[in-house]
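There are 2 protein chains.
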Amino acid sequence: MLKYDASSLIEQIQAALENNDIQSVIRILETLKSADQADIFSELNDDEKMAILPHLNPAFSADLLEEMEDDEVAELVGGLPSEHAIRIVDEMDPDDAADFLGDIPDFQANAILAGMENPEDVRPLLLHPDDSAGGLMTSEFLALRRKMTASDALQAIREWKPDNDDIYHLFVVDGQNYLVGVVSLRQLITSDPKDLLETFMDPQVIAVTTGTDQEEVARLFARYDLLALPVVDHDRKLIGVITIDDVIDVLEEETTEDIQRLGGAQPLEQAYLNTSPLRITKKRIGWLLLLFLTESLTGTVLRHFESELASVVALSFFIPLLIGTGGNAGSQTTSTIIRALAIGDIQIGDAIKSLWHEFRVGLMLGVGMSALAFVRALTWGSSPQLAVTVSVAILTIVIWANMLGAILPILAAKLKIDPTVVSGPVMSTLVDATGLFIYFSIAKIVIGL
Amino acid sequence: MLKYDASSLIEQIQAALENNDIQSVIRILETLKSADQADIFSELNDDEKMAILPHLNPAFSADLLEEMEDDEVAELVGGLPSEHAIRIVDEMDPDDAADFLGDIPDFQANAILAGMENPEDVRPLLLHPDDSAGGLMTSEFLALRRKMTASDALQAIREWKPDNDDIYHLFVVDGQNYLVGVVSLRQLITSDPKDLLETFMDPQVIAVTTGTDQEEVARLFARYDLLALPVVDHDRKLIGVITIDDVIDVLEEETTEDIQRLGGAQPLEQAYLNTSPLRITKKRIGWLLLLFLTESLTGTVLRHFESELASVVALSFFIPLLIGTGGNAGSQTTSTIIRALAIGDIQIGDAIKSLWHEFRVGLMLGVGMSALAFVRALTWGSSPQLAVTVSVAILTIVIWANMLGAILPILAAKLKIDPTVVSGPVMSTLVDATGLFIYFSIAKIVIGL
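First to last, the protein sequences are chains A and B.
Read in numbering that gives the first Met the number 0, the first sequence has 128 at position 129, and its numbers run on one by one without any break.
Read in numbering that gives the first Met the number 0, the second sequence has 29 at position 30, and its numbers run on one by one without any break.
The hints are simulated quantities; they were obtained by calculation from the structure and are not laboratory data.
Source: prediction; values computed, not measured.
Treat the hints with care, as some may be off.
No copy is singled out in the list; a pair is fine if it fits within one copy or between any two copies.
[To be verified] The calculated BS3-like cross-link candidates involving lysine-lysine, where the alpha carbons are at most 27 Å apart (straight line), are:
(1) Lys352 x Lys281
(2) Lys146 x Lys160
(3) Lys32 x Lys236
(4) Lys352 x Lys415
(5) Lys160 x Lys282
(6) Lys193 x Lys160
(7) Lys443 x Lys352
(8) Lys415 x Lys282
Next up, chain A with everything else stripped away, as it sits in the complex (with noise of 0.2 Å):
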């Protein structure tokens, strides 16, 4: 509902640039929100962008590049002088800073962090992987103490002016930084004004160590609907805090792994059309190379069956069929399985009642595929012989693929393999040299090659 016509606000841009005319783009820009604002400038030209960047005041400049790709605001402030450079990093969230930091080099980061005014809210942060509760929380929280009352604990929000939305569940600490409990503003504004927050807190408290990994965290906020998670040390000292809004760039990041992975390529780290095509090569080759070596069995098996093939030249007609199908069918049960296994619907416990399920849905799909086939080869003018062969053998490929598909996801959990793992690309190409071999050995009995 709150739309805006990018293409005619860059045009305007453009032409006050021309004009040297940087109090219009700026007042263009203070229109929209902050994501929008990225997207439009993203489209500018490099010039351009260098040409507006030095002439917006560092908070909105900070504000701005929060919402960029990483690697455009590295070459972005990498070229801004070193005074201005640090000026926007003191406005960043921590942990928005920090990541920054990580991603330029270390002489930059250096030079940067020994400027800033508070370096010693995002060094600590330096430490951790970006993919864990470390890398994701921030330090700049407010954390308050059991014995406050709620008006004291509304007096001391005040005083702290929050600049942002962080601060919806705040999190009570002892004498010792201990963490003891959480409360929420709701709460403090309902409840009676000279309740200790002891009384009225949640001593329960749901918390991770730095260390916890981002996937971890993300399904502890979906799971008791957090808004906030507190980090703590191994001595459940109270650290940092993650929130939500991070929480949801995470599942967006997760989720695009996951079906990378899904389609047998390694995960790329920035937007697409950001990722040389090398680069992307190199997340691509290894797998398909591993998938080469492991389908030319399906070369052995031909060459185990060549006289086979030779005498009925027919049979190799329904290679590409048979083998097609089982792939299907077994694309089709991993990634539900897979999926399954990341949501929790189940468990590892539940190899065998999965494999159950899939034997039986096999069983289905394969009897309608089976019938199908037979009157395909038919239509084909194969010899009856021949078309009872190709329907036994797409039965029991799909069968075979289906649990194949339902167990090696779950497998890969129990060996704590990411079950992404399993593919398409990778089950297609399993069930191809197993599936060839079921087709022939189905062959010499039912035709008696």
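Put chain B on the given structure of chain A with help from the hints.
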């Protein structure tokens, strides 16, 4: 960090039930968060569940049931005396109550609505599909007036006594209930108590209408870091509010659907193990049959080249290898492109750019695969001509597969079809038939058949 031992708790509950000690059961459940209560409760058998449910107070039951699977809730509440069911539904959030009433037979739903205290909160929500903004919104929200002061607004919140956290972004309306702004609870607390809302509210509110798709709703939350999103009618009158906890569930649901579609199956509506094999079969057989029919083009191609196949049987050894590799390369590409489209990294207008990107990726991958294939063919004892054929074919097929994988999802988006329709199985099927044609055409030229 909040650990509990599910199986021990379940045993304790079952032991208490055998002694008819319902109070102990309730005490055990009360120590847990709602999501964990629901998990434990789901593990009990139907008799045990029905022994406990009537003894829980309606508000407790409502919290518990809101965390459970829709179909399980429909079954459980259907088994309760209708008076008890009415009191539980009365305590549910209106959006959850509407979802539940939509899942049970109409006559039951009408009986419950007739008995409810505030059926008018729920009734309008029943009109909207579950996966639209209207289906996600709650009608239980506090609208503030623009002429209120900050202190009036805080007082209104206290009087409203919200029992959940959906009050951190509050929407401001004028005398005719038109949406005019948004204020955050943070602003209410930190601004001067005497300031009118209209002086500090943000008048640029992002809003949606009831028909907006839930995927678009989730995208807006992620893009603008929202905690709540107002739903308006076509006159921009405020009629509901969507909160972030519902959106996290939507993100999870949409990801599940996308992953199942990318595996070449229609999405399941329920948890995997709760979906019968027959129902799963129905969700998969359509695509499997369609792909089978398309795949049978491979047979047509093979029969077309029957004489070549008969004269050089060794040609057939490479069939699965070549089309398998092409399918894998295509799946890698299509999953990357589909995800890039979903998160806005590429748009429909980037078709040519993406095609050129994937041409270069395909060229590099193809050259690598082609060298490997050449060596592999020679080590299998193939003639040099056959080895050349295979290696030229694999180069051509990989480039072809990559370009097809790039363009088809964008074409689907252009035609307003969900790009996930170009699933891995669809890609490999398309590449199979076309890849064979490429292979045999090259064979005819190189080997001179």
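Against the structure, the hints:
In this assembly of identical chains, the alpha carbons of Lys352 and Lys281 lie at most 27 Å apart only when taken from different copies (20 Å versus 38 Å within one copy). For a Cα distance limit of 27 Å, the shortest separation of Lys146 from Lys160 qualifies both inside one copy, at 21 Å, and across copies, at 24 Å. In the homo-oligomer, the alpha carbons of Lys32 and Lys236 lie at most 27 Å apart only across protomers (23 Å), although the nearest pairing inside one protomer, at 36 Å, exceeds that limit. For a Cα distance limit of 27 Å, the shortest separation of Lys352 from Lys415 inside one copy, 20 Å, qualifies, whereas the shortest one across copies, 39 Å, does not.
In this assembly of identical chains, the alpha carbons of Lys160 and Lys282 never lie at most 27 Å apart, being 45 Å within a copy and 54 Å across copies at closest. For a Cα distance limit of 27 Å, the shortest separation of Lys193 from Lys160 qualifies both inside one copy, at 22 Å, and across copies, at 18 Å. For a Cα distance limit of 27 Å, the shortest separation of Lys443 from Lys352 qualifies neither inside one copy, at 34 Å, nor across copies, at 51 Å. Proximity of Lys415 and Lys282 under a CA criterion of 27 Å is satisfied intra-copy only: 22 Å inside one chain copy versus 30 Å between copies.
The earlier numbered hints that this structure contradicts are 5, 7.
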